[in-house]
Amino acid sequence: MIAIKLAYKNLVGAGLRTWLNVSVLSFAFVLMIFYNGMIEGWNRQARNDTQDWEIGEGQYWEQSYDRYDPYTFQDAHKLVSEDVAAMIDRGELTPILVRQANMYPEGRMQSVLLKGVDPNQRILKLPTSDLNNVQNGYSAIIGRRMAKDAGLKVGDKVLVRWRDKNGMFDAIDINIAAIFKTDVPSVENGQIYLDINVLQEMIGLPNQATLLVAGENSSLSEIDGWDFKTTDFLLKEFDALIQSKKAGGMVISGMLLLIALLAIFDTQVLSIFRRQKEIGTYIALGMTRSQVVGIFTVEGGAHSILAAIVGAAYGIPLFLWLDSIGLSFGSSSQDMGIAVADVIYPYYSIGMIFSSLLLVVISATIVSYLPARKISKMRPTDALKGKLQ
Amino acid sequence: MSIIKINNLEKQFPVGDGFFTALSDINMEVKKGEFAGLIGPSGSGKTTLLNIIGSLDTPTKGTAEVMGKSIAELTYKQSAGLRNRHIGFIFQTYNLLPVYTVFENVEFPLLLQKMSAVERKKAVMQALEWVGLTDKVYSKPSMLSGGECQRVAIARAMVKRPEIVLADEPTANLDSENSHHILRTMKKLNKELGVTFVFSTHDEKVMQYLDRIIALEDGKVLRDETQEEFAVRKNSQIYKTK
Numbered sequence: 001m002i003a004i005k006l007a008y009k010n011l012v013g014a015g016l017r018t019w020l021n022v023s024v025l026s027f028a029f030v031l032m033i034f035y036n037g038m039i040e041g042w043n044r045q046a047r048n049d050t051q052d053w054e055i056g057e058g059q060y061w062e063q064s065y066d067r068y069d070p071y072t073f074q075d076a077h078k079l080v081s082e083d084v085a086a087m088i089d090r091g092e093l094t095p096i097l098v099r100q101a102n103m104y105p106e107g108r109m110q111s112v113l114l115k116g117v118d119p120n121q122r123i124l125k126l127p128t129s130d131l132n133n134v135q136n137g138y139s140a141i142i143g144r145r146m147a148k149d150a151g152l153k154v155g156d157k158v159l160v161r162w163r164d165k166n167g168m169f170d171a172i173d174i175n176i177a178a179i180f181k182t183d184v185p186s187v188e189n190g191q192i193y194l195d196i197n198v199l200q201e202m203i204g205l206p207n208q209a210t211l212l213v214a215g216e217n218s219s220l221s222e223i224d225g226w227d228f229k230t231t232d233f234l235l236k237e238f239d240a241l242i243q244s245k246k247a248g249g250m251v252i253s254g255m256l257l258l259i260a261l262l263a264i265f266d267t268q269v270l271s272i273f274r275r276q277k278e279i280g281t282y283i284a285l286g287m288t289r290s291q292v293v294g295i296f297t298v299e300g301g302a303h304s305i306l307a308a309i310v311g312a313a314y315g316i317p318l319f320l321w322l323d324s325i326g327l328s329f330g331s332s333s334q335d336m337g338i339a340v341a342d343v344i345y346p347y348y349s350i351g352m353i354f355s356s357l358l359l360v361v362i363s364a365t366i367v368s369y370l371p372a373r374k375i376s377k378m379r380p381t382d383a384l385k386g387k388l389q
Numbered sequence: 001m002s003i004i005k006i007n008n009l010e011k012q013f014p015v016g017d018g019f020f021t022a023l024s025d026i027n028m029e030v031k032k033g034e035f036a037g038l039i040g041p042s043g044s045g046k047t048t049l050l051n052i053i054g055s056l057d058t059p060t061k062g063t064a065e066v067m068g069k070s071i072a073e074l075t076y077k078q079s080a081g082l083r084n085r086h087i088g089f090i091f092q093t094y095n096l097l098p099v100y101t102v103f104e105n106v107e108f109p110l111l112l113q114k115m116s117a118v119e120r121k122k123a124v125m126q127a128l129e130w131v132g133l134t135d136k137v138y139s140k141p142s143m144l145s146g147g148e149c150q151r152v153a154i155a156r157a158m159v160k161r162p163e164i165v166l167a168d169e170p171t172a173n174l175d176s177e178n179s180h181h182i183l184r185t186m187k188k189l190n191k192e193l194g195v196t197f198v199f200s201t202h203d204e205k206v207m208q209y210l211d212r213i214i215a216l217e218d219g220k221v222l223r224d225e226t227q228e229e230f231a232v233r234k235n236s237q238i239y240k241t242k
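Protein sequences appear in the order of chains A and B. Residues in the first sequence are numbered consecutively from 1, following the numbering used here. Residues in the second sequence are numbered consecutively from 1, following the numbering used here.
The set of hints was computed from the structure by calculation and includes no laboratory data. Treat the hints with care, since some could be wrong.
[As the list claims (entries may be wrong)] Which residues of chain A face chain B? A few of them, derived with a C-beta cut under 7 Å, are: (1) G225; (2) K229; (3) T281; (4) T288.
[Unchecked claim] Below, in silico cross-link-like pairs of lysine-lysine (BS3-like), each with a Cα-Cα straight-line distance of 27 Å or less: (5) B/K205 - A/K5; (6) B/K136 - A/K277; (7) B/K69 - A/K377; (8) B/K191 - A/K5; (9) B/K188 - B/K220; (10) A/K5 - B/K121; (11) B/K31 - A/K5; (12) B/K122 - A/K9; (13) B/K32 - B/K122; (14) B/K121 - A/K9; (15) B/K140 - A/K9; (16) B/K114 - A/K377; (17) B/K121 - A/K385; (18) B/K234 - B/K191; (19) A/K9 - B/K136; (20) B/K31 - B/K69; (21) B/K205 - B/K234; (22) B/K136 - B/K187; (23) B/K77 - A/K377; (24) A/K165 - A/K181; (25) A/K229 - A/K125; (26) A/K5 - A/K236; (27) B/K77 - B/K61; (28) B/K122 - A/K385; (29) A/K245 - A/K181; (30) B/K61 - B/K220; (31) B/K32 - B/K140; (32) B/K114 - A/K277; (33) A/K385 - B/K205; (34) B/K187 - B/K5; (35) B/K77 - A/K374; (36) A/K9 - B/K77; (37) B/K136 - B/K121; (38) B/K31 - B/K77; (39) B/K69 - A/K385; (40) A/K5 - B/K77.
Glycine included, C-beta positions come from ideal geometry on N, C-alpha and C.
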């Protein structure tokens, strides 16, 4: 208690020196939370978007299907059983048929994936209902980046060539019925969405699908002949990316904290040299070494508490404001190849704030303790003389 | 009854490859309630001896007993306890804590004793009354004169009602008027409360207040005499000089 009281008095008495340290530390503290909040906000948004647009609550894969191995696509299809069809009708699942193909926009050849989707599905955010709008011919929807890369717009026709179930080439002109905008690049890069019935007919695989996307009301139970892939599995790469970003964030946070801690360390060392007489007086008045070390340690630790208060004073309004407007990444986010929304809304959890606070407090206390420990080796008579050692 | 007992005390400090002997062959006793002073020129060992008595330092050889406790044998915690409960310090440069008010400076030793707030307040006000500073309770040391600062230091030393007060050159930074005021205050407290005072000084003004004067020179006790003996010797020296 006495250490807290003395530390408070000394901090207030130190005036500008205290506030400089507190400012640096609070800046580091706020920046750490902001950076981690941005990463977490991106993580949550990207996971949600990827689930909404691509993976739903999980996917059932035809057993030979491997999304990373294009050679498996040719034979990765399976007849939709009556039980599965019933689940599709109930809106628990939606089938997707995948086929490799080539597209020839403006005479160039481009490798694409044809994806057959149910125009009436409601599990994914894909605007598949647009596939119902075109009366004549084959129609498809594509993403905005894909349209830009291929130089396509709504109403354009593009030649597509594929192999049917017997390996025979076939080709048709496809109408671009709609162009959609999404934050999930993996949904649109090199992908053309057609009505699944149309694609089944094109390939000659009626009533077959490559994978089934589970919706919110799906029981996610085992389906015979299909391998269930959880959202964690499907987001494995994205999670790894987030982990690496978090690791990078920790390095940045660590550097920020280090700068702030150096300031405190410097102040504490300076204090010990400047306040030797005061330390000697404490000892002469009957303080033990551990009590004196305690005062300086608490004093340094109190910097972090003050930093948290000061940080909260400007950090909370700043975070609330950022939370309401989000942080725009504009067009730069379009070309990153990973799910990044145009506007990211940072996410600050209580756990993250407290763990950051704890880290700052513990680190500040440790760097205050280290120079304070030197006091324990100081002779009281030298301290009273204010003798530099 | 001896409150301080010193036998064959020697104190050496390491200097380069060798040692500097600051005190040697010191033998003395101080009884409870004495108003004694260590006098001598700079470097004679006054402050070193005072530091050993105050358990801020330990003897190299010999023994120093304070209130029946051998200073050399005390642990760090025990010597801190001895200083906190039984010994008050008054320094030449006052050594007040600059960020505290007068009240808080005087209160400090009592905080270490974990005394209750009510008792603390009563004791602090009593101590400030002894030194005549009840009107400066909320002042900071920077707002006080040198004399007032030293009176605060006296109040801080006295507030815990110690058995011994050690004053290291308490008047060195004060003018004549303030010096006499301080000394009168301490003399009064010595009489009224029976507190033992040991000074280190080379100030003539202090010497005239002391009941016992122990002269040190080159780390050795040169003379140990009463005020009367000191005065007679002084007068005879003056007479001889004339």
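Straight-line alpha-carbon gap A/K385 to B/K205, limit 27 Å: 24 Å, holds
Distance restraint between B/K205 and A/K5, which requires alpha-carbon spacing of 27 Å or less: 40 Å, violated
Holds or violated: B/K69 to A/K385, with C-alpha atoms at most 27 Å apart: 26 Å, holds
A/K9 paired with B/K77 [C-alpha distance capped at 27 Å]: 25 Å, holds
Pairwise hint evaluation, B/K234 against B/K205, where the allowed Cα distance is 27 Å at most: 14 Å, holds
Straight-line alpha-carbon gap A/K165 to A/K181, limit 27 Å: 32 Å, violated
Satisfaction of hint between A/K377 and B/K77, Cα-Cα up to 27 Å: 14 Å, holds
27 Å Cα cutoff - pair B/K121, A/K385: Roughly 31 Å separates the two Cα atoms, so the pair is violated.
Distance restraint between B/K31 and A/K5, which requires alpha-carbon spacing of 27 Å or less: 38 Å, violated
27 Å Cα cutoff - pair B/K77, A/K374: 17 Å, holds
Hinted contact A/T281 with chain B - closest CB pair below 7 Å: Holds, because the Cβ-Cβ distance from A/T281 to chain B comes to roughly 4 Å (cut-off 7 Å).
Restraint status (C-alpha distance of B/K136 to B/K187 at most 27 Å): Measuring from Cα to Cα gives roughly 22 Å; hence the hint holds.
The structure fails hints 1, 2, 5, 8, 9, 11, 17, 24, 26, 28 and 31 (numbered hints given earlier, in ascending order).
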